[in-house]
Structures are given as structure tokens and as C-alpha cells.
Amino acid sequence: DAGITQSPRHKVTETGTPVTLRCHQTENHRYMYWYRQDPGHGLRLIHYSYGVKDTDKGEVSDGYSVSRSKTEDFLLTLESATSSQTSVYFCAISDDRRTDTQYFGPGTRLTVL
Amino acid sequence: TQLLEQSPQFLSIQEGENLTVYCNSSSVFSSLQWYRQEPGEGPVLLVTVVTGGEVKKLKRLTFQFGDARKDSSLHITAAQPGDTGLYLCAGAPPWSGGSNYKLTFGKGTLLTVNP
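So the sequence lines, in the order shown, correspond to chains A and B.
So in my numbering, the last one in the first sequence is 120, and the numbering has no gaps at all.
So in my numbering, the last one in the second sequence is 178, and the numbering has no gaps at all.
Wrong hints could be hidden among the right ones.
In silico SDA-like cross-links for lysine to any residue, where the CA-CA straight-line distance does not exceed 20 Å [stated by the list, open to error]:
| id | chain 1 | residue 1 | chain 2 | residue 2 |
| --- | --- | --- | --- | --- |
| 1 | B | K165 | A | T118 |
| 2 | A | K18 | A | T118 |
| 3 | B | K120 | B | G79 |
| 4 | B | K170 | A | E66 |
| 5 | B | K165 | A | T62 |
Coverage of chain B stretches by chain A, computed from C-beta distances (three or more under 8 Å per stretch; other residues unrestricted) [as the list claims (entries may be wrong)]:
| id | segment |
| --- | --- |
| 6 | 84-96 |
| 7 | 101-108 |
| 8 | 148-156 |
Covered stretches of chain A, going by a simulated chain B footprint (3 or more residues, C-beta under 8 Å) [said to hold, decoys possible]:
| id | segment |
| --- | --- |
| 9 | 19-32 |
| 10 | 42-50 |
| 11 | 108-118 |
Derived from the structure by calculation, the hints contain no laboratory data.
Because the structure is a prediction, the values reported are computed rather than measured.
Even glycine gets a Cβ: it sits at the ideal position worked out from N, Cα and C.
Required output: the full structure, derived from the provided sequences and hints.
Listed below in C-alpha cells is the structure:
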């Protein structure tokens, strides 16, 4: 199994508060991704990174920002959490440019009240 | 925008039965991955197929990539309760020699195998 951890695994917060989720990998993979998974929508890409300090938006990036200051860590920040951001968040990593095979972390369940 | 449609959306069967789930698109993919996700966990990679017509077997699971690389199927023989989970397919766009970065995911087939 790829060495990917996410923290926290569960979080309950209130509307309007900032939240940061962390993804940590020990595989030295170049590419990292943040997804959210919701019933009826499947996995949707929020942001991704193709190197240290190189990031780009996915399909549902509004209300989210990311940072990657070193290869092993990719942070997802909700500047002001809203109830619509209640979801399960997954981090993924990849290093295979021909197949783009991705390996997923265990997820963070976020509830915004 | 590339789309992947999975069918059926839900499938409930008895232990020992065979089943096939499908992943279809009108777009060509350079590769396709199948994942299984169990409740409370992240998706786990089962297989990657890259060549049109390719067939890969993983114990009782058989994966096939369509000849035109637009579709794929997953066949499970003699299903067991441990096969229960959400099966996701994901496709990578045609590789141009650069970096693709992004996969297109289907919404999944939720399989329940009853003892």
C-alpha cells in the first residue's frame, strides 16, 4: 500500500471557521490531488499539484485553497467553511505519467454545522 | 469533457453468483483503472489496463479494456461477501507525451453480496 496519511480523520466545525486538512506521503510521488466525495456526485477533483509550489484548480475549487511547500505534504484549506463543504475528502498521489494511476489516502470526514 | 458512465448503479446478489459491471464512454482513454472502496475507507486500486482488448485477471475478478479503449468491464466469478463495496472506474486522457494530471471517474457501482 502506498504510504499516504490524512489528518484529521474526522472533524466537526462551525460555519465560517477556517479548516485545514493535511495529506502526507512517504512515496516521494510528484503529483498530489484533493478530491471530495458526495452521494450522487462521485469523486470530484478540487485541486491538484504537479510539483512543489505548483498547483492548479480542479472542477470544484471555489471556496478551497491549497499549498505544497515540500514534496511530502499537500494542504487543503477551507478559508471560511460552509455547510455545502460537508463531505468526505480524499487525497491521492501519482507518479506514473503514462497511466496516471492514483493511490488514495484513507479520507477525512468533515462536517460543517 | 470526458465522461464515464458506470452500470448498474446498484447490484445486490447472492453469494456464489457471477456478475459483470460496465464502464462506458464516448471518449478514448489511454488507460483505465478500477478501484474498490469499502465504507469509511479510500478507494483501493485493483488494476490498470492500457492496451485495447487487454484482459487482466485478479483471482476471481476479470477486467477487460475495450478494443477502441472507450469502455471496460469487470466480471466477478462466484461472488463472495468480501467482494461487497463500491467499484469505481477511472480513465486517463490520451497521453500526448506531457503530463495528463487528471483522471475522469465514474460514479461507481455499489455491489452487495449477501451470504
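**Request:** If any of the earlier hints don't hold here, list their numbers in rising order.
**Result:** 1 and 9
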